[in-house]
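For reference, each letter of the sequence shown is one residue, going 1 to 59 in my numbering.
Hints may contain errors.
Straight-line Cα separation of at most 20 angstroms, EDC-like style, residue types lysine to aspartate or glutamate; simulated pairs [claimed, not checked]:
| no. | residue 1 | residue 2 |
| --- | --- | --- |
| 1 | K52 | E10 |
| 2 | K7 | D50 |
| 3 | K30 | E10 |
I should point out that these hints are in silico values taken from the structure, not numbers from a laboratory.
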Amino acid sequence: MLTTRGKPMESLIVVLRGSLEVGVQTSTGKRYVVRFMEPGQIQGVIPILDGKHSIHDTR
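Given these sequences and hints, build the entire structure.
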């Protein structure tokens, strides 16, 4: 897991090749995929700048 929902973002994520799955997991363990990140996409800009926590799990 690159990021975990509710934990601080420590760095930006830049996809160089392949893809990443961005989603959330409910308290019952069901996982919902929000989107897939492709090469060239960046995640974590707003949480890093605002000092906020991740709102998604990224793997």
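Evaluated hints:
{"no.": "1", "hint": "K52 to E10", "result": "holds (10 angstroms)"}
{"no.": "2", "hint": "K7 to D50", "result": "holds (14 angstroms)"}
{"no.": "3", "hint": "K30 to E10", "result": "violated (26 angstroms)"}
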